[in-house]
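**Student:** The listed protein sequences derive, respectively, from chains A, B, C, D, E and F. First residue of the first sequence: 1262, per the working numbering; consecutive thereafter. First residue of the second sequence: 1262, per the working numbering; consecutive thereafter. First residue of the third sequence: 2, per the working numbering; consecutive thereafter. First residue of the fourth sequence: 2, per the working numbering; consecutive thereafter. First residue of the fifth sequence: -6, per the working numbering; consecutive thereafter. First residue of the sixth sequence: -6, per the working numbering; consecutive thereafter.
By construction, these hints were calculated from the structure, which means they are not laboratory data. Any given hint might turn out to be false.
[Unchecked claim] The calculated label-pair distances, taken between Cβ atoms and stated as ranges, are: (1) B:R1358 / F:Y69: 47 to 57 Å; (2) E:D89 / C:T49: 53 to 63 Å; (3) E:N58 / B:M1262: 43 to 53 Å; (4) D:D71 / B:P1355: 52 to 62 Å; (5) F:D70 / D:T78: 28 to 38 Å; (6) C:D87 / E:E55: 14 to 24 Å; (7) D:P93 / E:E102: 32 to 42 Å; (8) B:S1310 / C:Y92: 56 to 66 Å; (9) D:G41 / F:E102: 42 to 52 Å; (10) D:P93 / E:L24: 48 to 58 Å; (11) F:D32 / D:M52: 28 to 38 Å; (12) D:A43 / F:Y69: 30 to 40 Å; (13) F:R64 / A:D1318: 44 to 54 Å.
[To be verified] The list that follows gives simulated cross-link-like pairs (lysine to aspartate or glutamate, DMTMM-like), each with its CA atoms no further than 20 Å apart: (14) C:K47 / F:D94; (15) A:K1291 / D:E46; (16) F:K47 / F:D94.
In this text the structure is predicted, and so the values were computed from the model without any measurement. Note that beta-carbon positions come from the ideal geometry of N, C-alpha and C, so glycine has one too.
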Amino acid sequence: MKFAILINEGPYQHQATDTAFLFCKAALAKGHEIRRVFFYHDGVNNSSSLTEPPQDDRNIVQRWSKLAEEHKLDLVVCVAAALRRGIKDENLAPGFRISGLGQLVEAGIEADRLVTFGD
Amino acid sequence: MKFAILINEGPYQHQATDTAFLFCKAALAKGHEIRRVFFYHDGVNNSSSLTEPPQDDRNIVQRWSKLAEEHKLDLVVCVAAALRRGIKDENLAPGFRISGLGQLVEAGIEADRLVTFGD
Amino acid sequence: MLHIVNKSPLERNALESCLRVAQGGALLLTEDAVYAATRGNAAAEKITAAMAGMKVYVLGPDLDARGMTDRLIEGVTSVGYDGFVDLVAEYPTNQSWL
Amino acid sequence: MLHIVNKSPLERNALESCLRVAQGGALLLTEDAVYAATRGNAAAEKITAAMAGMKVYVLGPDLDARGMTDRLIEGVTSVGYDGFVDLVAEYPTNQSWL
Amino acid sequence: MSEGTVKKFMFVNRKAPYGTIYALESLEVVLISAAFDQDVSLVFMDDGVFQLKKGQQTKGIENKNFSPTYRALDGYDIEKLYVEQESLDARGLTEDDLLVDVTVMSKAEMGKLMETMDVVLSF
Amino acid sequence: MSEGTVKKFMFVNRKAPYGTIYALESLEVVLISAAFDQDVSLVFMDDGVFQLKKGQQTKGIENKNFSPTYRALDGYDIEKLYVEQESLDARGLTEDDLLVDVTVMSKAEMGKLMETMDVVLSF
């Protein structure tokens, strides 16, 4: 089955992106396809290449990048939300791309299921 | 009177930082001193030099920088919270500095009032 | 002391917790909490009850933004950001119920 | 449809709104919402009442994290992230009550 | 690939305006969705009904008043706006307080409508 | 300038752990405050009482279990921990469920205690 994921909150502050990540891993392990992960609202902050959590903590940004590389995921960051919050190509982590909100609507149309994670 | 301000949420997502800003302007207009503005939790995102809101919207980061310049405000961003969220010297807006949590406790001790703005 | 609440009373428990614990003093409603002091809101009677023991203020610019200025319940005082500053100065301690 | 709630029932109105509107289907409690399905929580009876009309699930890892696994109320099914995926696949539509 | 597919999208607005950005950024998605020729419904419930309140004046909080955009929605062929009666009642609002024409329905009717959707986005 | 000044600081914890970061980052401030030799009190009320629940196991959510830190607080001379009775009751918890020794008090006692503080920080 084809899933699309919407993430509305940033890393560390809310658990939403953790839950989304573990959901994606489980879905991929079951052989489902993740059509796209769309980052909106403060969710765009998940793509900052400058995050540096304490060594004994999970690295939320890096594990998204790694999952994207392993499974060829399409991680899309909303351009309007990103500009408001200071995410640009220069601080965009590997595996993410910045694009328009149309990518969210398109994902909703093309995927069998859209699941939202937020606050 | 000496005020200290604590801001716990990022720009645009929550109104907290807007309210804090207008509170500071009003306090300064009344002749009070703002001893320090401390940015914690997602509040650290208020200091990103990369934000670029739509032209018809307020520029939250720039207006903090401007207020700091005009009134010699001490805008302090918590280093631990900032590292988690991707704020470093390279994307720190003018007028902000990164330092430790001790600066918050110190501000609480030295100021007559500490006011918190958050979610 | 001055209690500050900025959350809608019908979405979060912040106002309720504040009123449960607070021992007099003043209450300032800001941001989405201003709805609590508007006529017809299910939380308005809590504010009315609270006025017996504390002074209640609302941040006027937040009421205006939400189009609720003409619905402010009686006995609640609307202040601007300068009034907010005065309240903080007046009370030795304040708490934001986040 | 599948209703997903991730907010504590004593802090926010998300669970209450969901239960007010939902017409059967399934309810999955995740993150801070898992407290709603624990014995002694003031919201637990809402969950018990809801079970008459819908299947109720809870995300086990979130219960574990919060040290509440041994307090899960009867009739609620604990699932892992793989069970979460299965629920989303099983119901044609889902809604996260943010 | 999405050529010709028409899905029923529902945007559920449950948060008050200005206190958080969800209402505004939800509206931005709604406007974009119009370009995809989908079957779009907007729901306003809980504090989301406040988004439609007449008379918003945001100068004092130095924020942008985006409420006029709701009036522009029908220009984008977005005409299905639903408001839950119980949410209005709990907030002392009536249809006359809202700045656009909406269909008011009960909580049960709202729940049934949700069941007919393909994609539900909640902000 | 702050040399010798001792203020009464109260940290009010009202949020559940893990769902948001407030509990963890609040604890970080508390630990730092110990270095300033202030008179520090911690309050746990509403969902904040869940921060002290025994038996937290966070492996499944791939997050760090920071609850053992509460046990370490007395090593920092932070010994005033207060829990509101009404909050425990509404969540089916008793003192036995908590992983540290606390003083349980009523809502009214809590309110009176707050009034005696110089600085109140709420997370």
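**Student:** Please go over all the hints and tell whether each is borne out by the structure.
**Tutor:** Hints and how they fare:
Checked against the hint of 47 to 57 Å, the pair B:R1358 and F:Y69 fails, with Cβ atoms roughly 27 Å apart. For E:D89 and C:T49, the Cβ-Cβ distance of about 25 Å falls outside the hinted range of 53 to 63 Å, so the restraint is violated. Between E:N58 and B:M1262 the Cβ separation comes to about 34 Å, which falls outside the hinted range of 43 to 53 Å. Between D:D71 and B:P1355 the C-beta distance comes to about 54 Å, which sits within the given range of 52 to 62 Å.
Hint check: F:D70 to D:T78, Cβ distance near 46 Å, so the stated range 28 to 38 Å is violated. For C:D87 and E:E55, the hinted distance range of 14 to 24 Å is satisfied, since their beta carbons lie about 20 Å from each other. D:P93 and E:E102 have their C-beta atoms about 20 Å apart, which leaves the hinted 32 to 42 Å range violated. Take B:S1310 and C:Y92: their Cβ atoms lie about 37 Å apart, and the range 56 to 66 Å is violated.
Checked against the hint of 42 to 52 Å, the pair D:G41 and F:E102 fails, with Cβ atoms roughly 22 Å apart. Separation of D:P93 from E:L24 is about 26 Å and departs from the stated range, judged on CB atoms against 48 to 58 Å. Distance hint check: the CB atoms of F:D32 and D:M52 are about 49 Å apart, inconsistent with the given range 28 to 38 Å. In this structure the hint that D:A43 and F:Y69 lie 30 to 40 Å apart at CB holds, the actual value being about 34 Å.
Our hint of 44 to 54 Å for F:R64 and A:D1318 is violated, since their Cβ atoms are close to 20 Å apart. Our distance criterion of 20 Å between C-alpha atoms is broken by C:K47 and F:D94, whose separation comes to about 34 Å. At most 20 Å may separate the alpha-carbon atoms for a hinted pair to count; A:K1291 and D:E46 exceed this at roughly 35 Å. Between F:K47 and F:D94 the CA atoms are separated by roughly 12 Å; this keeps the pair inside 20 Å, and the hint holds.
The structure does not agree with the numbered hints 1, 2, 3, 5, 7, 8, 9, 10, 11, 13, 14 and 15 stated previously, though it agrees with the rest.
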